[in-house]
Amino acid sequence: MKEIILIGGGGHCKSVIDVIEHDGSFKIIGIVDKSNLIGTKVLGHEIIASDNDLSKLAKKHKYAIVSIGQIESPILRIQLYDTAIKAGFILPSIISPNAYVSKYAKLGSGTIIMNHAVVNANASIGDNCIVNTKALIEHDCSISNHCHISTNATINGGATIESGCFIGSNSTTKELAKITKNSFIKAGSLVV
Amino acid sequence: MKEIILIGGGGHCKSVIDVIEHDGSFKIIGIVDKSNLIGTKVLGHEIIASDNDLSKLAKKHKYAIVSIGQIESPILRIQLYDTAIKAGFILPSIISPNAYVSKYAKLGSGTIIMNHAVVNANASIGDNCIVNTKALIEHDCSISNHCHISTNATINGGATIESGCFIGSNSTTKELAKITKNSFIKAGSLVV
Amino acid sequence: MKEIILIGGGGHCKSVIDVIEHDGSFKIIGIVDKSNLIGTKVLGHEIIASDNDLSKLAKKHKYAIVSIGQIESPILRIQLYDTAIKAGFILPSIISPNAYVSKYAKLGSGTIIMNHAVVNANASIGDNCIVNTKALIEHDCSISNHCHISTNATINGGATIESGCFIGSNSTTKELAKITKNSFIKAGSLVV
Numbered sequence: 044m045k046e047i048i049l050i051g052g053g054g055h056c057k058s059v060i061d062v063i064e065h066d067g068s069f070k071i072i073g074i075v076d077k078s079n080l081i082g083t084k085v086l087g088h089e090i091i092a093s094d095n096d097l098s099k100l101a102k103k104h105k106y107a108i109v110s111i112g113q114i115e116s117p118i119l120r121i122q123l124y125d126t127a128i129k130a131g132f133i134l135p136s137i138i139s140p141n142a143y144v145s146k147y148a149k150l151g152s153g154t155i156i157m158n159h160a161v162v163n164a165n166a167s168i169g170d171n172c173i174v175n176t177k178a179l180i181e182h183d184c185s186i187s188n189h190c191h192i193s194t195n196a197t198i199n200g201g202a203t204i205e206s207g208c209f210i211g212s213n214s215t216t217k218e219l220a221k222i223t224k225n226s227f228i229k230a231g232s233l234v235v
Numbered sequence: 044m045k046e047i048i049l050i051g052g053g054g055h056c057k058s059v060i061d062v063i064e065h066d067g068s069f070k071i072i073g074i075v076d077k078s079n080l081i082g083t084k085v086l087g088h089e090i091i092a093s094d095n096d097l098s099k100l101a102k103k104h105k106y107a108i109v110s111i112g113q114i115e116s117p118i119l120r121i122q123l124y125d126t127a128i129k130a131g132f133i134l135p136s137i138i139s140p141n142a143y144v145s146k147y148a149k150l151g152s153g154t155i156i157m158n159h160a161v162v163n164a165n166a167s168i169g170d171n172c173i174v175n176t177k178a179l180i181e182h183d184c185s186i187s188n189h190c191h192i193s194t195n196a197t198i199n200g201g202a203t204i205e206s207g208c209f210i211g212s213n214s215t216t217k218e219l220a221k222i223t224k225n226s227f228i229k230a231g232s233l234v235v
Numbered sequence: 044m045k046e047i048i049l050i051g052g053g054g055h056c057k058s059v060i061d062v063i064e065h066d067g068s069f070k071i072i073g074i075v076d077k078s079n080l081i082g083t084k085v086l087g088h089e090i091i092a093s094d095n096d097l098s099k100l101a102k103k104h105k106y107a108i109v110s111i112g113q114i115e116s117p118i119l120r121i122q123l124y125d126t127a128i129k130a131g132f133i134l135p136s137i138i139s140p141n142a143y144v145s146k147y148a149k150l151g152s153g154t155i156i157m158n159h160a161v162v163n164a165n166a167s168i169g170d171n172c173i174v175n176t177k178a179l180i181e182h183d184c185s186i187s188n189h190c191h192i193s194t195n196a197t198i199n200g201g202a203t204i205e206s207g208c209f210i211g212s213n214s215t216t217k218e219l220a221k222i223t224k225n226s227f228i229k230a231g232s233l234v235v
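Chains as they are written, first to last, in the working numbering: chain A, 44 to 235; chain B, 44 to 235; chain C, 44 to 235.
Read the hints as simulated data drawn from the structure, not as lab findings.
Keep in mind that the hints are not guaranteed to be accurate.
[Said to hold, decoys possible] Straight-line alpha carbon distances no greater than 30 Å define the calculated DSSO-like cross-link-like pairs of lysine-lysine that follow:
(1) C:K217 - A:K224
(2) C:K221 - B:K146
(3) C:K146 - A:K77
(4) A:K229 - C:K221
(5) C:K229 - A:K84
(6) A:K146 - A:K105
(7) B:K70 - A:K146
(8) C:K149 - A:K84
(9) A:K146 - B:K146
(10) A:K217 - B:K103
(11) B:K84 - A:K217
(12) C:K217 - B:K229
(13) B:K70 - A:K149
(14) C:K229 - B:K217
(15) A:K217 - B:K129
(16) C:K221 - B:K221
(17) B:K217 - C:K224
(18) C:K146 - C:K217
(19) A:K70 - A:K103
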């Protein structure tokens with residue numbers, strides 16, 4: 044089985060562990076987080092190194108994914124993604140076995156599709172995105188890199204979401220909505 | 044395999060193609076749309092005729108479904124449905140393999156249940172309806188013909204929705220709600 | 044097959060029957076409701092006794108679950124749960140086969156997870172709860188006894204919900220929200 048390193052050991056990491064184990068394509072080798080947390084565990088998986096050790100880890104392991112969440116700002120997820128790529132890791136896209144991704148959709152590197160999410164026909168999602176639990180990306184949507192589409196958000200058909208956006212939990216964007224770079228959309232919003 | 048004609052080649056048609064191919068009960072023969080679009084393709088499926096050719100097509104093909112969307116008004120979907128029935132087509136109900144429809148629920152002719160939608164026990168849905176992606180129809184609901192229950196809408200138990208209604212994305216209707224003919228419920232609404 | 048008694052024969056009971064039959068772990072023996080309803084049927088299952096007969100039924104049957112809904116107040120569901128436990132029934136947790144419950148989550152006695160609901164990693168749910176259709180309980184949530192998380196509600200990560208709460212349909216609670224005992228959260232609410 045392919046082996047993977049998780050970068051970031053908080054609450055979102057637990058959901059990521061659950062999805063990866065349930066999917067079964069990757070074996071989790073360990074988690075990278077702050078150095079003072081080394082030796083502690085998240086759902087049984089050890090924090091084995093700090094962010095500074097990524098180059099060294101990339102010599103032994105091929106795959107990694109960024110597993111910290113993103114609410115206030117995408118900056119930390121972007122930094123970790125760039126560091127992991129520079130270190131030589133491959134960042135795969137990962138899809139929960141109970142999510143649905145159309146064969147006509149495209150997913151970028153390091154993007155994760157969480158439990159019960161849906162990505163419909165002709166949608167494209169960039170690199171390092173989180174399509175969180177029960178989120179819906181409708182047909183013809185274009186979502187750029189480093190976006191977090193939060194739990195149960197509904198992105199209706201043909202929307203364009205530029206890079207670095209946070210689309211809050213249970214928010215709705217109308218058909219053909221355009222959301223500019225680094226936007227922060229609050230939970231429960233309706234974007235017209 | 045049974046062969047089917049899709050009537051309408053826009054954005055919703057892409058989701059319909061995705062559901063039908065994923066389900067695998069029908070082979071898509073082609074799409075009917077405006078005559079100036081004949082020869083163009085939608086996700087690899089050719090527009091083979093215009094709306095005026097439906098009678099002719101019905102002599103060669105048995106099944107059809109209306110695959111245009113419905114937001115402002117149900118009129119165009121009603122016209123196309125009536126024309127297809129008059130031409131002699133059978134309009135089947137189609138259910139995404141990842142949707143759930145209770146064995147105690149009833150679906151009318153030409154009604155499509157999209158990805159991750161749920162239709163619970165003792166609900167009945169009329170003809171030519173769209174139960175769009177992730178929509179929920181709870182127990183004991185009665186939904187008449189030509190309605191579009193949009194993405195991630197929640198129709199709670201025992202609601203009555205008369206014909207021709209549009210229930211917007213991520214809206215919620217409370218238990219036992221009554222929604223009159225041709226109503227337009229905006230995205231994100233709460234109907235008490 | 045294990046045999047189960049349903050306590051309460053209203054609208055929610057229909058959804059419960061649908062989930063139990065679809066799951067297939069239990070055979071429904073009959074329903075308990077008001078004495079004047081004895082002999083009538085719900086989706087083909089007979090009302091065989093009244094609430095006063097629970098002690099007698101527990102001598103012949105091992106399993107039961109409370110199948111009435113809960114909107115205004117949890118009191119009736121609590122009374123029926125306590126009566127069933129005292130009578131000697133085992134109240135199992137029941138999970139719809141199309142719901143997802145993480146192997147890292149915990150469910151209490153008599154709790155039911157309805158169609159397309161999700162309970163993510165490290166969440167814990169107490170006794171006698173309803174996690175209704177399409178509801179989402181995110182990672183690290185702690186939900187106490189006798190709560191009804193209504194249809195399509197989103198409980199984001201790390202929330203604490205005390206006992207006896209009703210969380211309305213399509214409402215959203217933000218990360219780490221704290222909801223006190225017996226709270227009533229209206230449909231469509233955003234709780235920060």
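Outcome of the hint check:
1. C:K217 - A:K224: Distance ~24 Å between K217 (chain C) and K224 (chain A) Cα, so the pair holds.
2. C:K221 - B:K146: violated (38 Å)
3. C:K146 - A:K77: Holds - the C-alpha atoms of K77 (chain A) and K146 (chain C) are around 27 Å apart, at most 30 Å.
4. A:K229 - C:K221: holds (19 Å)
5. C:K229 - A:K84: Violated. K229 (chain C) to K84 (chain A) sits at ~38 Å, over the 30 Å cutoff.
6. A:K146 - A:K105: The hint holds at about 26 Å.
7. B:K70 - A:K146: Cα-Cα ~17 Å, so holds.
8. C:K149 - A:K84: The hint holds at about 19 Å.
9. A:K146 - B:K146: OK: K146 (chain A) and K146 (chain B) at ~28 Å, within 30 Å.
10. A:K217 - B:K103: Given pair K217 (chain A), K103 (chain B) is violated - Cα atoms ~39 Å apart, limit 30 Å.
11. B:K84 - A:K217: holds (26 Å)
12. C:K217 - B:K229: Status holds; Cα separation ~24 Å.
13. B:K70 - A:K149: holds (24 Å)
14. C:K229 - B:K217: holds (10 Å)
15. A:K217 - B:K129: violated (35 Å)
16. C:K221 - B:K221: Answer violated: K221 (chain C) to K221 (chain B) is near 34 Å, above 30 Å.
17. B:K217 - C:K224: Distance of about 23 Å is within 30 Å: holds.
18. C:K146 - C:K217: holds (24 Å)
19. A:K70 - A:K103: holds (14 Å)
The structure shown violates the earlier hints numbered 2, 5, 10, 15, 16.
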